[in-house]
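Asker: Each chain, written out:
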Amino acid sequence: MRFQRMARVTIAAAVIALAAAGCGGGGSSGGGSGGGKVDYASCKYQIGFFGALTGDAANLGINIRNGAKLAIDQYNAKAKDCVGLVEFDSQGVPEQAPPLARKAATDKRVLGIVGPAFSGESDVADPTFEQAGLPTITASATNPKLADHGWKTFHRILGNDATQGPAAAAYITGTLKAKKVFVVDDASAYGKGLATLVKAKLGSALAGTDTVQQKQTDFSATVTKIRASGATAFFYGGYYAEAGKLRKQLSDAGGKGIMMVAADGVKDPGFVQAAGRAAAEGTIVTCPCLPPSKTKGTFAADYQKAFKIAPGTYSGEAFDAASVFLRAIEGGKTTRAAVNAFITAYRGDGVTKTVQFDAKGEVTDKVIWAYKVTGGNIVEDQEVAQ
Amino acid sequence: MHFLLDNFWDLSVTGLAQGAIYALIALGYTLVYGVLRLINFAHSEVFVTGTFASILVLHMLGLGSDDPVPSAGLVVLYMVAAAVAAMIASGLTAVVVERVAYRPLRRRNAPPLVFLISAIGASFAISEAVGVFVGRNEVRVPNLVQPQTQFHLFGAAVSNRQILVVVSALVMMVALDQFIRRTRLGRGIRAVSQDPDSAALMGVNADRVIALTFVLGGLMAGGAAVLYDLQFGVTRFNAGFLLGIKAFTAAVLGGIGNLRGALLGGLLLGVMENYGSALIGSQWRDVVAFVFLIVVLMFRPTGILGESLGRARA
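Sequences listed follow chains F and Z, in order.
When we follow the numbering used here, the leftmost residue of the first sequence carries the number 1, and every step to the right adds one.
When we follow the numbering used here, the leftmost residue of the second sequence carries the number 1, and every step to the right adds one.
Simulated from the structure, these hints should not be mistaken for laboratory data.
Predicted, not measured: the structure shown is a model, and the values here were computed from it.
A virtual CB, placed ideally from N, CA and C, is assigned to each residue, including glycine.
Heads up, a few of these hints could be off.
[What the hints assert, rightly or not] Derived contacts from chain Z toward chain F, CB cut-off under 7 Å, selection only:
(1) Arg103
(2) Gln194
(3) Asp195
(4) Gly233
(5) Val234
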């Protein structure tokens with residue numbers, strides 16, 4: 001009897017410990033002091049990261065956080081006064097974004113935000129940042145409409161989908177020579193926006209469309225639609241987890257020969273993981289991001305050393321975004337307004353491009369690359385003409 | 001509409017394969033509800049542990065995620081091993097949930113709402129624990145069956161994998177149904193379900209019967225886990241969440257507490273989702289499923305086949 005009670009208490013304790021480890025794991029894998037010896041919280045000025053560190057598309061956010069973290073750690077190693085990195089994990093879900101944005105806006109030590117990472121969360125978080133005068137530089141949100149609100153604090157350090165969408169469509173009809181193309185999107189601000197642009201450019205080559213849901217696992221109805229349309233290629237606007245499952249289910253249902261083209265949200269090893277190597281092989285992924293091997297200086301090697309993996313999608317862009325903020329703080333710009341003015345006037349070399357923003361906050365130097373899944377890896381194929 | 005009619009059989013076949021998995025998971029909800037009159041919201045995690053256990057065993061047997069499909073004889077061996085592992089893992093998880101999250105509350109005669117909260121807590125704890133161990137990304141399942149078209153049903157290709165999924169699910173459900181109806185232990189379950197107090201007076205050990213109910217639900221979830229692995233080839237720590245809700249919907253649709261209702265509800269839900277997706281777009285898939293449920297409940301508040309595990313055939 002006594003033993004039983006003890007056993008029960010032990011089991012209960014173990015479950016609680018596991019649960020605690022669960023929560024802690026999610027947080028600390030994000031926080032992890034890593035290579036930096038600086039206690040970020042003690043720093044007088046902070047740079048925020050806003051994006052998914054957990055959730056379905058977390059890999060994309062983690063790449064960006066790591067890029068920003070590398071820039072900050074390198075700065076702290078040399079500078080007298082440290083700069084901290086504070087993380088706002090939105091899980092990539094627009095519904096989570098507003099309270100987090102308010103939290104960032106009210107923390108007066110935060111002088112700039114790298115992010116928000118996705119277009120959907122940018123839509124709802126950026127107005128709060130604009131109101132608080134908190135400058136943002138997104139290294140990944142590509143929906144063109146974000147720049148049309150007249151937000152003074154909005155900056156985007158990469159080309160948007162107004163260039164990426166048509167480039168992807170041109171690749172499908174030009175390079176792949178597909179005559180009938182099916183378009184699928186995931187109803188997110190990013191996926192839907194991109195798919196709309198691709199559809200417009202495809203014109204008469206468009207064979208049909210479908211919209212799926214995020215977190216969906218069974219795509220059999222979509223697979224039937226793609227096959228029934230007689231398309232020889234399809235475009236997917238959305239993120240890697242669903243893209244991988246759709247690719248696999250299409251191949252399994254006899255649609256192996258139907259080429260897949262997707263965009264930056266799919267450019268992650270998670271896509272190959274979800275689809276399986278055999279099904280993923282040959283998939284084309286466009287991205288307004290520079291291949292790590294083409295980045296300047298020691299960035300790729302430093303990143304590899306700090307995080308034990310090669311730079312991911314947008315790690316380089318995030319490094320450049322954080323660097324702009326760091327240059328501002330280094331130059332004594334320690335109010336949000338001063339930092340924002342500094343960014344507007346900024347011109348300097350980053351590891352991915354020459355960084356300079358136009359009146360709408362868009363970077364002036366844009367690139368689009370096509371990548372191809374080869375042997376289970378997403379490797380650069382060619383630069384796409386815009 | 002045109003598209004739905006043109007591809008009706010194709011959508012039906014894929015919908016049935018998905019529905020069979022819903023039905024197997026739905027059995028777990030229905031069994032526990034039949035005996036305890038409570039919804040075991042941790043059942044989706046019972047299922048998830050099964051999906052990972054079968055992957056683990058396949059890896060231990062030396063089958064990698066991207067290896068080619070092994071020869072036919074080996075496939076059977078691998079599949080049996082994966083099924084046994086998944087059933088053990090799911091069964092064990094179910095027992096642990098019962099022990100930790102329910103039994104202490106039952107001893108204290110806690111109100112039903114407390115059970116519900118305890119179940120949701122258990123669900124989160126297990127899901128997060130799995131997330132810590134396996135990471136939060138998709139995990140690949142080794143390829144066991146290369147889908148090949150076996151025959152055509154009114155023009156719709158039926159693959160060996162779809163046959164395997166539907167037939168195994170049906171066999172498991174018939175076995176469970178017979179077990180409940182014909183064996184001594186099954187009679188115990190029906191007795192506790194109908195009248196726990198009289199059953200106790202007649203010498204039925206309620207605690208054991210309840211534990212058995214959870215084990216049976218776990219075994220079915222384990223079977224569903226293997227079939228899910230085969231069907232989708234990929235799983236993740238929170239794969240059970242939406243699937244659990246759908247399976248619960250299937251159970252309510254058929255009549256919760258009713259085993260045959262779970263089967264009917266699962267299959268119906270699977271095909272209805274596909275028809276709905278075809279008719280008005282895949283983004284309405286979940287909406288179609290729940291609207292269908294509401295419409296059915298408006299006309300038959302206890303589900304299509306009615307509520308009750310034992311009453312109908314006492």
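Asker: Evaluate each hint against the coordinates.
Answerer: Status of the hints after comparison with the structure:
no.	hint	verdict
1	Arg103	violated (9 Å)
2	Gln194	violated (30 Å)
3	Asp195	violated (29 Å)
4	Gly233	holds (6 Å)
5	Val234	holds (5 Å)
Figure legend: structure checked against the earlier numbered hints; hints not met, in rising order: 1, 2, 3.
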